[in-house]
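Trainee: What follows is each chain in one-letter form.
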Amino acid sequence: MTLLYFAWVRQKIGKGEEKLAAPAGDVAALIAHLKSLGPNYMDAFADLSRIRVAVNQRHAGLDARLGPDDEVAFFPPVTGG
Amino acid sequence: MTLLYFAWVRQKIGKGEEKLAAPAGDVAALIAHLKSLGPNYMDAFADLSRIRVAVNQRHAGLDARLGPDDEVAFFPPVTGG
Amino acid sequence: MKTTIRIQREDFDLNAEVAALTKDGESGAVASFTGHVRKEGDLSTLTLEHYPHMTEAEIARLAEETGRRWPLTGVTVVHRVGSLKPGDRIVLVAVASQHRHAAFQACEFLMDFLKTHAPFWKEEARGREHHWVEHRESDDDAAQRWEK
Amino acid sequence: MKTTIRIQREDFDLNAEVAALTKDGESGAVASFTGHVRKEGDLSTLTLEHYPHMTEAEIARLAEETGRRWPLTGVTVVHRVGSLKPGDRIVLVAVASQHRHAAFQACEFLMDFLKTHAPFWKEEARGREHHWVEHRESDDDAAQRWEK
Numbered sequence: 047m048t049l050l051y052f053a054w055v056r057q058k059i060g061k062g063e064e065k066l067a068a069p070a071g072d073v074a075a076l077i078a079h080l081k082s083l084g085p086n087y088m089d090a091f092a093d094l095s096r097i098r099v100a101v102n103q104r105h106a107g108l109d110a111r112l113g114p115d116d117e118v119a120f121f122p123p124v125t126g127g
Numbered sequence: 047m048t049l050l051y052f053a054w055v056r057q058k059i060g061k062g063e064e065k066l067a068a069p070a071g072d073v074a075a076l077i078a079h080l081k082s083l084g085p086n087y088m089d090a091f092a093d094l095s096r097i098r099v100a101v102n103q104r105h106a107g108l109d110a111r112l113g114p115d116d117e118v119a120f121f122p123p124v125t126g127g
Numbered sequence: 016m017k018t019t020i021r022i023q024r025e026d027f028d029l030n031a032e033v034a035a036l037t038k039d040g041e042s043g044a045v046a047s048f049t050g051h052v053r054k055e056g057d058l059s060t061l062t063l064e065h066y067p068h069m070t071e072a073e074i075a076r077l078a079e080e081t082g083r084r085w086p087l088t089g090v091t092v093v094h095r096v097g098s099l100k101p102g103d104r105i106v107l108v109a110v111a112s113q114h115r116h117a118a119f120q121a122c123e124f125l126m127d128f129l130k131t132h133a134p135f136w137k138e139e140a141r142g143r144e145h146h147w148v149e150h151r152e153s154d155d156d157a158a159q160r161w162e163k
Numbered sequence: 016m017k018t019t020i021r022i023q024r025e026d027f028d029l030n031a032e033v034a035a036l037t038k039d040g041e042s043g044a045v046a047s048f049t050g051h052v053r054k055e056g057d058l059s060t061l062t063l064e065h066y067p068h069m070t071e072a073e074i075a076r077l078a079e080e081t082g083r084r085w086p087l088t089g090v091t092v093v094h095r096v097g098s099l100k101p102g103d104r105i106v107l108v109a110v111a112s113q114h115r116h117a118a119f120q121a122c123e124f125l126m127d128f129l130k131t132h133a134p135f136w137k138e139e140a141r142g143r144e145h146h147w148v149e150h151r152e153s154d155d156d157a158a159q160r161w162e163k
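Residue numbers (my numbering), protein chains in the order written: chain A, 47 to 127; chain B, 47 to 127; chain C, 16 to 163; chain D, 16 to 163.
Hints are computed from structural coordinates only; laboratory data are not their basis.
Straight line, CA to CA, 20 Å or less: simulated DMTMM-like cross-link-like pairs of lysine to aspartate or glutamate: (1) LYS100/C / GLU41/D; (2) LYS61/A / GLU138/D; (3) LYS38/C / ASP103/D; (4) LYS58/B / GLU144/C; (5) LYS38/D / ASP57/C; (6) LYS81/B / ASP93/B; (7) LYS54/C / ASP39/D; (8) LYS58/B / GLU64/C; (9) LYS65/B / GLU117/B; (10) LYS58/A / GLU139/D; (11) LYS61/A / GLU64/D; (12) LYS17/D / GLU32/D; (13) LYS38/C / ASP28/D; (14) LYS100/D / GLU144/D; (15) LYS38/C / ASP26/D; (16) LYS54/C / GLU32/D; (17) LYS58/B / GLU139/C; (18) LYS100/D / GLU149/D; (19) LYS81/B / GLU63/B; (20) LYS38/D / GLU55/C; (21) LYS100/D / ASP39/C; (22) LYS38/D / ASP103/C; (23) LYS38/C / ASP57/D; (24) LYS58/A / GLU138/D; (25) LYS54/D / GLU41/C; (26) LYS61/B / GLU138/C; (27) LYS58/B / GLU138/C; (28) LYS58/A / GLU64/D; (29) LYS54/D / ASP39/C; (30) LYS54/C / GLU41/D; (31) LYS58/B / GLU149/C; (32) LYS100/C / ASP39/D; (33) LYS58/A / GLU149/D; (34) LYS38/C / GLU25/D; (35) LYS81/A / ASP93/A; (36) LYS38/D / ASP28/C; (37) LYS58/A / GLU144/D; (38) LYS61/B / GLU64/C.
Remember, predicted model here, so these are calculated numbers, not experimental data.
All chains, full assembly: derive it from the sequences and hints.
Mentor: Right, dumping it as structure tokens:
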């Protein structure tokens, strides 16, 4: 699984991209797993109301199912335009 | 009184501008007077639903009162933009 | 509200017009409309006549009314007259605001009223035929919906 | 419908973008929106980050949906990324149609959804402070009103 982080999520976690062999499940399960990896993840995912998710470059919810080849991105609500 | 004609009103009347000492009254009375001046005016003012009026460079109705120094313009509904 | 109104034979420069509207740095949002002569069949020339002085005065009145309805920082209207060819630009209405929605609404309002109130007339040349373009009722309807 | 989507560091040329939309001669009406970095207080730099590939894909999906809702001949979206200064242009959304009302509506719709869906993030530098711009609820409201 490829994980991508943008904006302050990237800054809090300390990197923009990583590969991970995550346990099977949905986005919520992946976040729970990530939060077990260290305080930087704990901090980034402390308030899920401020986190948005994309799976394979489409907006997705916390209940989206994930497979081993998926690209999952975490970022704040967008502020373009 | 200065009279101005635009677009096909100008073409039907055969000129774009003229000075006229018209009888006192409103725009409708002026049109009645103009129609007495010749077939070109009769033709231009044959269908008043197709005529718009401005008095002193503001849109006006057939009942607008006119004075001797007014500028009165007759033209078709506008088609700019 | 900075208001620029020009009636001219020449084309206009969109970059320059938008830059002039935003150079104060107050406006984050500019909504613009450009009208273009369509390429259709044997249409060879579109000639625009107008009523000098009244055109500018009427557009100024419309711009003022637009500025009363929405919080705007600037309005620019450039309308061409004379002989235009298919593909040419006819008109620019650009509206600057701090608020995107206000800019859009104001631009459409001003365009709708320009279509029904500004004294311009279009004559089409098709082959050897010349005829005056008819005013469209749909333009009256567009302007009337703002009066609700 | 001709669709052009570009994410770029450079500025864009409004004249060229509008000309590209109308060169087929089908479209009499182009509605455009440009977003600009406001000059405010000590704001020195606005840096735009985005999610490469997803940005283009998401905007393409939004443009497609826009083209389903209104009869359009073309859509152009150019969004800048990287370091911008107060006064710089950020984004262009331009929509061409045969119908003015469709062009306006579609341009505003696309802009509203770009604000809420396209993966861009703005970071402001003010003096020595850097902070990420917060998403505005009013932008969500703007997008939601199209779902009525």
